[in-house]
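If you read the sequences in order, they're chains A and B. According to the working numbering, the first sequence is numbered sequentially starting from 1. According to the working numbering, the second sequence is numbered sequentially starting from 1.
There could be a bad hint or two in this list.
Calculated pairs, BS3-like style, for lysine-lysine (alpha carbon to alpha carbon, straight line, at most 25 Å) [said to hold, decoys possible]:
#1 B/K33 with A/K99
#2 A/K118 with B/K33
#3 A/K11 with B/K86
#4 A/K93 with B/K33
#5 A/K98 with A/K11
#6 A/K203 with B/K59
#7 A/K222 with B/K33
#8 A/K98 with B/K33
#9 B/K86 with A/K7
Simulated from the structure, these hints should not be mistaken for lab results.
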Amino acid sequence: MNTNLLKNAIKTTLPVMAGYIVLGIGFGILLEVNGYGVWWSLAMSVFVYAGAMQYVGVALITSGASLISVALTTLMVNARHLFYGITMIDRYKGAGWKKLLLMHTLTDESYSLICSNKAPENSEPHQYYLLISLCDMLYWVIGCVLGSLIGSAITFDLTGIDFSMTALYVIIFVEQWLTTDDHRPALIGLGASVLCLLIFGPKNFLIPAMFLIIILLTAMRKRLENWRPYND
Amino acid sequence: MINDTQTIAIIAVMALVTFALRVLPFLIFSDRKTPPYIVFLGQYLPSAIMGMLVIYCLKGVTFVAAPHGIPEAIAVLLVIILHVWKRNTLLSIISGTASYMLLLRFIG
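One chain only, chain B, in its complex shape (with noise of 0.2 Å):
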């Protein structure tokens, strides 16, 4: 085991890193009106991230070996048609997290 000094820069590097990357893009575009190039991202980039993270969530998703990622698909399906219904996101968000859990159980 590495000592204290040693945890505490391994902690300081990442965190400054981290929050560098963080802090990076409005650095560069702090004083100067944005870009209209900036602005069309800000626009478009949510929507194309979103479903980007959805794929990010699901990375680890195995359909050739069981359960081949059906509790997810049944889970995701679930979350949609219940939110285009209702649109409430708790709702959808208890039920589908519940749902995907007792999936895991019997079929996982």
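Here chain A stands alone, though its shape is the one from the complex (with noise of 0.2 Å):
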């Protein structure tokens, strides 16, 4: 194991730490509330490992769905990892063992700091992928496990702490913007998701959203790949 690749994981994924463990106390906490302990909440932590699922998962638990139901919910709320998967078919070709739990971890935060973030020179990239993965998997397991164990013992206000994930985006939207010259692919995700919010509202929008970002970027193929921002 190479201490300075890990060194360098840490420090790329601590803008997720603080997010994370507090997301994960908070559903720590929902569950014991709704009356399971701490091993259900590393269990799912673990096995399902996705935010807002889980917290979906607490109200399919209590209200006894059918597995049916909690099929296609969870199908609904997590298409979006479908096209995590597609950006990374490149990316983690060739990773061999390692494969399997890196599509295990590829959640939101994960997949922004990996598409965001080049690996050191010198380095495996596949081994420095990981790291960042299962950095921000400890986090949400910590979280998830103290919410369980030290949640109602928490008196401080901590609402308004989510914000942090929203900061994270903006961060990786500002660095993208600032070091690429093509401004158009983000423009259409911006453009894209408000309009879809606007139509579909908060519940629904995010699928939809998916498929016009998809459909506006093959619309504009060719002119993307033969852009030049001077002429050259």
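Relying on the hints, combine the two individually framed chains into one complex.
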């Protein structure tokens, strides 16, 4: 194990740490309040490992939902992961045994970090991606378990701390904006999402937004690929 | 309350469907050479998806009722300005989140 690479991965994932631990604690508390202790929290954070879905999962469990509706709900809430996979096909090629873990740990946040951070020189990229993914997962699991164990003891008001996730995406967006010349993909992402949010509402906009983004990018493919910032 | 076996079944279904969604794209394109169209998507999707995730985080903001999205607007603006200026991820996140939490308490 390369300690420098691990240090680099920890530094890269620090922005996710606060958000994951706090959101994880929130999940642990929610589960605890509904009568499910720390082992349930641990199992869900390790095997499901999907933030929003775990919150929805508590509702599914407490209402005793049918397995069909559990499957359909999961499909809807997590469909976005399909698109993360598409982006990572080339990057994760040849990762061997690491690939299974890399795929399982592909959350919104790990995806964002891996997209926006190049592996350090002289390092094995797949190892770097895996360290980032596992650090993120560790923060999340720690948060969920903490929430179950000490949740009821937290008395200070943490409302709004989940903004750290929003801030992380804004920063990655800004960083991509500053480092690329062609801003059309970023604008398509923003525009299509706002449009679908207005049409379909906050609960249902994500999937239509993804399709619209894919359609627009595909329609513009020639122009995007032929684009040159300067006439050279 | 349902019994433990039912709970385990629900968690297993959630885990399996989530894993399937994460694995499916890799299964489809495992052995073959990645088609140029997928390579194209891999190049151009991330910046679009980042824009989408920003909107996804802000989807619950209402402009018609108090506080009219003002805390979010100020905090996001602060993060952008601070980040363009200093390019320090941690600084931007901590300042943005702290000011958002304060804003919520003062004008929320």
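Handout entry: Numbers of unmet hints, in rising order
Key = none
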